[in-house]
Amino acid sequence: MPGSSMADSWGSVWQGTAGAISTRPGPVSPLGTDELLAARPGRVIALEGPTGLGLTRLGLGLLATIAERLPVAVVDVRGWICPLAAWELGIPPERLVTIRCTDPIKWPKALAALLEGIGGVYAEVPTGVPDQVLRRLSALARSRSSALVLRPLKGTLPAGISFLRLRPAGVVWDGPHEGHGRLRIRKIALEASGKGAAGIQRTIEMEDDGENLVCVVSGMAVTTSRRAAG
Amino acid sequence: MWFPEWPLRRPDAPQDEPCIVTGERDGNLRVVAANRRALAAGVVPGMERSEAEGLVPAGISLDRDISSEMFRFEPVLNVIEDVIPRVEIVEPGWLFVPISGAVRYFGGEGPLIDRVVKEVDAVAGHGGRFGVANGPFAAHWAAKQASEDEPVLIVQDDAEFLAMLDVAALGTDELVATFNWLGIHTLGQLAHLPRPAIASRFGTPGLAAHRLSSGEDREPSPRDIPPELTVEERYEEPLQLLEQVGFASRALANRLMEALTPYGVAPHRILVEAEAADGTVRSRVWRSADPFSAASLSERVWWQLRAWTDAAGVPGGLVWLRLAPEDLSGSGRQLALFENVAAKIEAERAMARVQAILGPDAVLEAQPVGGRNPADRVRWHRWGEEAPAPGPEAPWPGQLPDPAPALITPEPKLLEVEWDGGLPERVRLGSRWEPVLNWAGPWRQVGAWWRNETTVDHYQIVTSAGAMLCAVSDGKVYLVGVYD
Numbered sequence: 028m029p030g031s032s033m034a035d036s037w038g039s040v041w042q043g044t045a046g047a048i049s050t051r052p053g054p055v056s057p058l059g060t061d062e063l064l065a066a067r068p069g070r071v072i073a074l075e076g077p078t079g080l081g082l083t084r085l086g087l088g089l090l091a092t093i094a095e096r097l098p099v100a101v102v103d104v105r106g107w108i109c110p111l112a113a114w115e116l117g118i119p120p121e122r123l124v125t126i127r128c129t130d131p132i133k134w135p136k137a138l139a140a141l142l143e144g145i146g147g148v149y150a151e152v153p154t155g156v157p158d159q160v161l162r163r164l165s166a167l168a169r170s171r172s173s174a175l176v177l178r179p180l181k182g183t184l185p186a187g188i189s190f191l192r193l194r195p196a197g198v199v200w201d202g203p204h205e206g207h208g209r210l211r212i213r214k215i216a217l218e219a220s221g222k223g224a225a226g227i228q229r230t231i232e233m234e235d236d237g238e239n240l241v242c243v244v245s246g247m248a249v250t251t252s253r254r255a256a257g
Numbered sequence: 002m003w004f005p006e007w008p009l010r011r012p013d014a015p016q017d018e019p020c021i022v023t024g025e026r027d028g029n030l031r032v033v034a035a036n037r038r039a040l041a042a043g044v045v046p047g048m049e050r051s052e053a054e055g056l057v058p059a060g061i062s063l064d065r066d067i068s069s070e071m072f073r074f075e076p077v078l079n080v081i082e083d084v085i086p087r088v089e090i091v092e093p094g095w096l097f098v099p100i101s102g103a104v105r106y107f108g109g110e111g112p113l114i115d116r117v118v119k120e121v122d123a124v125a126g127h128g129g130r131f132g133v134a135n136g137p138f139a140a141h142w143a144a145k146q147a148s149e150d151e152p153v154l155i156v157q158d159d160a161e162f163l164a165m166l167d168v169a170a171l172g173t174d175e176l177v178a179t180f181n182w183l184g185i186h187t188l189g190q191l192a193h194l195p196r197p198a199i200a201s202r203f204g205t206p207g208l209a210a211h212r213l214s215s216g217e218d219r220e221p222s223p224r225d226i227p228p229e230l231t232v233e234e235r236y237e238e239p240l241q242l243l244e245q246v247g248f249a250s251r252a253l254a255n256r257l258m259e260a261l262t263p264y265g266v267a268p269h270r271i272l273v274e275a276e277a278a279d280g281t282v283r284s285r286v287w288r289s290a291d292p293f294s295a296a297s298l299s300e301r302v303w304w305q306l307r308a309w310t311d312a313a314g315v316p317g318g319l320v321w322l323r324l325a326p327e328d329l330s331g332s333g334r335q336l337a338l339f340e341n342v343a344a345k346i347e348a349e350r351a352m353a354r355v356q357a358i359l360g361p362d363a364v365l366e367a368q369p370v371g372g373r374n375p376a377d378r379v380r381w382h383r384w385g386e387e388a389p390a391p392g393p394e395a396p397w398p399g400q401l402p403d404p405a406p407a408l409i410t411p412e413p414k415l416l417e418v419e420w421d422g423g424l425p426e427r428v429r430l431g432s433r434w435e436p437v438l439n440w441a442g443p444w445r446q447v448g449a450w451w452r453n454e455t456t457v458d459h460y461q462i463v464t465s466a467g468a469m470l471c472a473v474s475d476g477k478v479y480l481v482g483v484y485d
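As they're listed, the protein sequences go chains A and B. Per this note's numbering, the very first residue in the first sequence carries number 28; after that it's consecutive. Per this note's numbering, the very first residue in the second sequence carries number 2; after that it's consecutive.
Hints listed in this document are in silico derivations from the structure and should not be mistaken for laboratory results. These numbers were taken from a predicted model, which means no experiment stands behind them. Among the hints, erroneous ones may be present.
[Said to hold, decoys possible] Chain A is faced by these chain B residues, among others (derived, beta-carbon under 10 angstroms):
(1) Glu82
(2) Pro369
(3) Gly371
(4) Pro402
(5) Trp444
(6) Val447
(7) Thr464
[Stated by the list, open to error] Here are a few chain A residues that face chain B, going by a calculated C-beta distance under 8 angstroms:
(8) Leu82
(9) Leu87
(10) Trp114
(11) Pro120
(12) Ile126
(13) Pro131
(14) Ile132
(15) Gly155
(16) Gly182
(17) Thr183
(18) Ala186
(19) Gly187
(20) Phe190
(21) Arg194
(22) His204
[To be verified] Derived DEER-like restraints, expressed as beta-carbon distance ranges:
(23) B/Pro197 to A/Gly106: 28 to 36 angstroms
(24) A/Arg209 to B/Glu229: 24 to 32 angstroms
(25) A/Gly106 to B/Trp397: 47 to 55 angstroms
(26) B/Gly371 to A/Gly106: 22 to 30 angstroms
(27) B/Pro398 to A/Arg96: 33 to 41 angstroms
(28) A/Gly69 to B/Gly422: 50 to 58 angstroms
(29) B/Gly371 to A/Arg96: 23 to 31 angstroms
(30) A/Gly206 to B/Asp475: 51 to 59 angstroms
(31) B/Val91 to A/Arg96: 48 to 56 angstroms
(32) B/Gly422 to A/Arg105: 33 to 41 angstroms
Every residue gets a Cβ at the ideal spot worked out from N, C-alpha and C, and that includes glycine.
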């Protein structure tokens with residue numbers, strides 16, 4: 028029987044986790060969610076939140092539509108991204124290129140070079156990249172009609188960069204039960220905001236069954252906006 | 002083996018006056034062979050036809066007829082196949098033969114080549130050049146370097162032999178011009194440059210050139226080709242007319258390329274097999290330096306079938322035709338990878354630039370392979386380099402179930418887990434303890450004890466901070482993946 032053991036510094040993987048979050052998703056938007064969750068040329072989507080709640084898989088899933096006709100790239104800052112997940116989500120192996128870059132100085136240059144010629148990019152954002160640089164990259168993605176999914180490893184992106192901002196509000200796994208079964212279906216509640224969400228904050232419930240593309244579960248109610256769209 | 006003047010071996014080619022044979026290359030009519038008188042006048046194979054005709058205005062200019070050349074070359078192939086099986090033909094007058102097995106049988110390269118030269122001379126006369134090397138690129142250039150007086154050149158060390166050659170041997174004009182401009186004039190000079198630097202500056206073509214100049218174009222190991230990638234057709238009525246055979250060859254070649262397209266691969270060697278109405282089965286392997294396209298493949302199948310038919314090698318007509326790839330190269334993937342040429346060029350340029358910024362080891366592609374753990378099921382290679390051969394399809398009992406974790410730790414990381422009666426209770430994530438909401442497992446992987454591998458149990462553990470894949474070995478818990 029395994030016993031307790033000493034952990035090393037791997038806990039930094041969960042950096043940015045503010046603590047356990049609610050596993051009860053809030054009200055769900057039924058309006059235009061298919062269109063909402065699509066990486067389109069020239070759009071920048073921000074995925075913000077702690078590691079472990081499904082944002083990597085969501086980001087890869089967003090690229091799957093583009094990978095049907097164009098090569099896509101993944102910028103892996105930690106060296107952890109596993110292409111198996113991308114393949115499961117429908118990205119063909121021959122259309123996926125992984126870029127490993129830990130240097131925050133070289134990262135913007137590499138991403139800019141990718142945006143010049145690649146149709147879709149999922150990029151983890153290392154800490155220490157200035158806001159101004161992120162704004163330039165966002166503008167470059169728009170001008171080059173590249174779909175860009177940005178995943179800051181810590182914190183959030185500055186305002187005005189992304190067309191759509193997605194934050195996990197809760198996650199529930201179906202499948203395992205006291206040693207039996209296996210991980211099967213993950214339901215994620217996402218808070219969507221930004222221009223892509225029509226300026227209001229919506230909650231979207233998504234389901235990932237691991238085999239098919241990430242799909243949006245039909246919703247039940249519309250979240251009312253609590254603030255004015257800017 | 003190479004017959005430089007094979008296209009001139011035709012009845013209408015005069016011996017006593019300048020004569021050139023021209024064929025289409027790169028969209029232009031170029032000289033493919035010239036007789037002594039034309040060569041003496043300054044004509045060089047590869048020269049444009051108009052330029053050559055200007056040098057020998059009174060000479061005879063003939064159009065290449067590959068089908069007839071193939072018909073006349075068939076007896077040469079047959080005598081070589083009597084000595085060494087599996088002849089691979091590139092075009093009439095130019096072939097490769099893998100000789101490692103035959104060398105052992107004949108007791109050395111010398112006796113084997115003597116026998117082949119003797120047999121070939123008996124049916125085709127003198128004029129053949131023979132090169133022996135480890136790789137086809139070096140063998141080809143050895144044959145080209147051989148002379149009429151010394152028609153056999155045996156290369157002991159491919160890299161050493163290639164080092165003396167001009168970079169023009171690579172055959173890619175733009176790249177060669179750039180190398181010359183940079184002061185790189187021989188393949189040896191190119192081979193001495195660090196490969197990552199070449200990859201960063203020249204991308205895929207540069208890598209291929211560096212590999213060739215280093216003598217690293219060995220034949221890939223044989224591998225299993227999935228049966229669905231072989232196409233065949235049986236004809237109820239034997240095909241006796243050449244037009245019928247031509248149509249059948251084109252249709253089957255197109256079918257094969259269509260079958261290969263979804264896999265993103267293309268063959269460099271194709272086995273053509275045909276059965277005659279009397280039950281005679283004939284086969285031949287065709288080889289191409291570039292991956293076959295539908296057009297180039299159907300052309301070669303047609304040449305081969307016509308040669309057999311003209312030589313009465315298909316008695317009663319053709320009843321069965323089969324095309325099987327002998328190897329599969331990832332080079333063909335670009336046909337499927339990019340939607341159009343512009344997108345291809347843009348994407349390649351972007352990747353090459355990223356390679357220049359981050360280095361070649363930072364730009365990677367991956368291939369799915371068999372394995373039990375997620376990390377084992379991925380084989381990485383540098384972008385632009387040839388993808389490693391996929392292993393044979395096989396079931397993997399004990400494989401961890403899908404979905405795969407989106408994040409895999411490069412090295413297993415120690416994880417602090419509290420257990421209660423064999424059940425995980427809580428996990429330490431950073432500075433806090435997270436209660437285990439649910440868990441599944443273990444999936445036991447028994448290691449190879451003869452390699453001192455230990456038994457590992459894998460668990461899927463769900464906490465409110467997410468789900469993770471853990472490995473338990475020797476009483477310690479390691480994080481191996483995160484279902485992010």
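Verification of the hints:
1. For B/Glu82, the interface hint is violated, the least distance from its beta-carbon to any beta-carbon of chain A being 37 angstroms, above 10 angstroms.
2. Annotation: interface hint on B/Pro369 holds; nearest CB of chain A at approximately 6 angstroms, less than 10 angstroms.
3. The interface hint given for B/Gly371 is violated, since its Cβ lies 12 angstroms from the closest Cβ of chain A, which is over the 10 angstroms cut-off.
4. Restraint check, B/Pro402 versus chain A: the minimum CB separation of about 5 angstroms is within 10 angstroms; hint holds.
5. Given the 10 angstroms rule on beta carbons, the hint for B/Trp444 holds: about 9 angstroms separates it from the nearest Cβ of chain A.
6. Taking 10 angstroms as the C-beta cut-off, the interface hint given for B/Val447 is violated, the closest approach to chain A being about 17 angstroms.
7. Annotation: B/Thr464 was flagged as interfacial toward chain A, and the flag holds, the nearest CB pair being 8 angstroms apart, inside 10 angstroms.
8. Interface hint at A/Leu82: satisfied, since its Cβ lies 6 angstroms from the closest Cβ of chain B, which is below the 8 angstroms cut-off.
9. Hint status for A/Leu87: holds, given a least beta-carbon distance of 7 angstroms to chain B, under 8 angstroms.
10. Hint on A/Trp114 holds. Least Cβ distance to chain B is approximately 6 angstroms, under the 8 angstroms limit.
11. This hint holds: A/Pro120 has a C-beta 6 angstroms from the nearest C-beta of chain B, less than the 8 angstroms allowed.
12. This hint holds: A/Ile126 has a C-beta 6 angstroms from the nearest C-beta of chain B, less than the 8 angstroms allowed.
13. The restraint placing A/Pro131 at the interface with chain B is violated, with a minimum CB-CB distance near 13 angstroms, outside the 8 angstroms limit.
14. A hinted interface residue such as A/Ile132 counts as satisfied when its beta carbon comes closer than 8 angstroms to some beta carbon of chain B; here the least separation is about 10 angstroms, so the hint is violated.
15. Against a cut-off of 8 angstroms between C-beta atoms, the interface hint on A/Gly155 is violated, since the closest Cβ of chain B lies about 17 angstroms away.
16. Hint status for A/Gly182 relative to chain B: violated, with the closest Cβ pair at about 16 angstroms, above 8 angstroms.
17. Restraint check, A/Thr183 versus chain B: the minimum CB separation of about 17 angstroms is more than 8 angstroms; hint violated.
18. Annotation: A/Ala186 was flagged as interfacial toward chain B, and the flag is violated, the nearest CB pair being 25 angstroms apart, outside 8 angstroms.
19. Taking 8 angstroms as the C-beta cut-off, the interface hint given for A/Gly187 is violated, the closest approach to chain B being about 26 angstroms.
20. Of the supplied interface hints, the one on A/Phe190 is violated, with its beta-carbon coming no nearer than about 22 angstroms to a beta-carbon of chain B, more than 8 angstroms.
21. With a cut of 8 angstroms, the hint placing A/Arg194 at the interface with chain B is violated, because the nearest CB-to-CB distance is about 14 angstroms.
22. For A/His204, the shortest C-beta to C-beta distance to chain B is roughly 6 angstroms, which falls under 8 angstroms, so the interface hint holds.
23. A C-beta distance of roughly 19 angstroms is found between B/Pro197 and A/Gly106, which places it outside the suggested range of 28 to 36 angstroms.
24. Roughly 31 angstroms separates the CB atoms of A/Arg209 and B/Glu229, a value that falls within the hinted 24 to 32 angstroms.
25. Distance hint check: the CB atoms of A/Gly106 and B/Trp397 are about 25 angstroms apart, inconsistent with the given range 47 to 55 angstroms.
26. The beta-carbon spacing between B/Gly371 and A/Gly106, approximately 23 angstroms, falls within the hinted interval of 22 to 30 angstroms.
27. A hinted range of 33 to 41 angstroms holds for the C-beta pair B/Pro398 and A/Arg96, which are about 37 angstroms apart.
28. Between A/Gly69 and B/Gly422, the C-beta spacing of about 56 angstroms keeps the proposed range 50 to 58 angstroms intact.
29. At roughly 29 angstroms, the beta-carbon separation of B/Gly371 and A/Arg96 lies within the given 23 to 31 angstroms, and the hint holds.
30. In this structure, A/Gly206 and B/Asp475 break the distance hint of 51 to 59 angstroms, their C-beta atoms being roughly 21 angstroms apart.
31. Taken as a hint, the range 48 to 56 angstroms is violated for the pair B/Val91 and A/Arg96, whose Cβ atoms sit roughly 35 angstroms apart.
32. The given range of 33 to 41 angstroms is respected by B/Gly422 and A/Arg105, whose C-beta atoms sit roughly 35 angstroms from each other.
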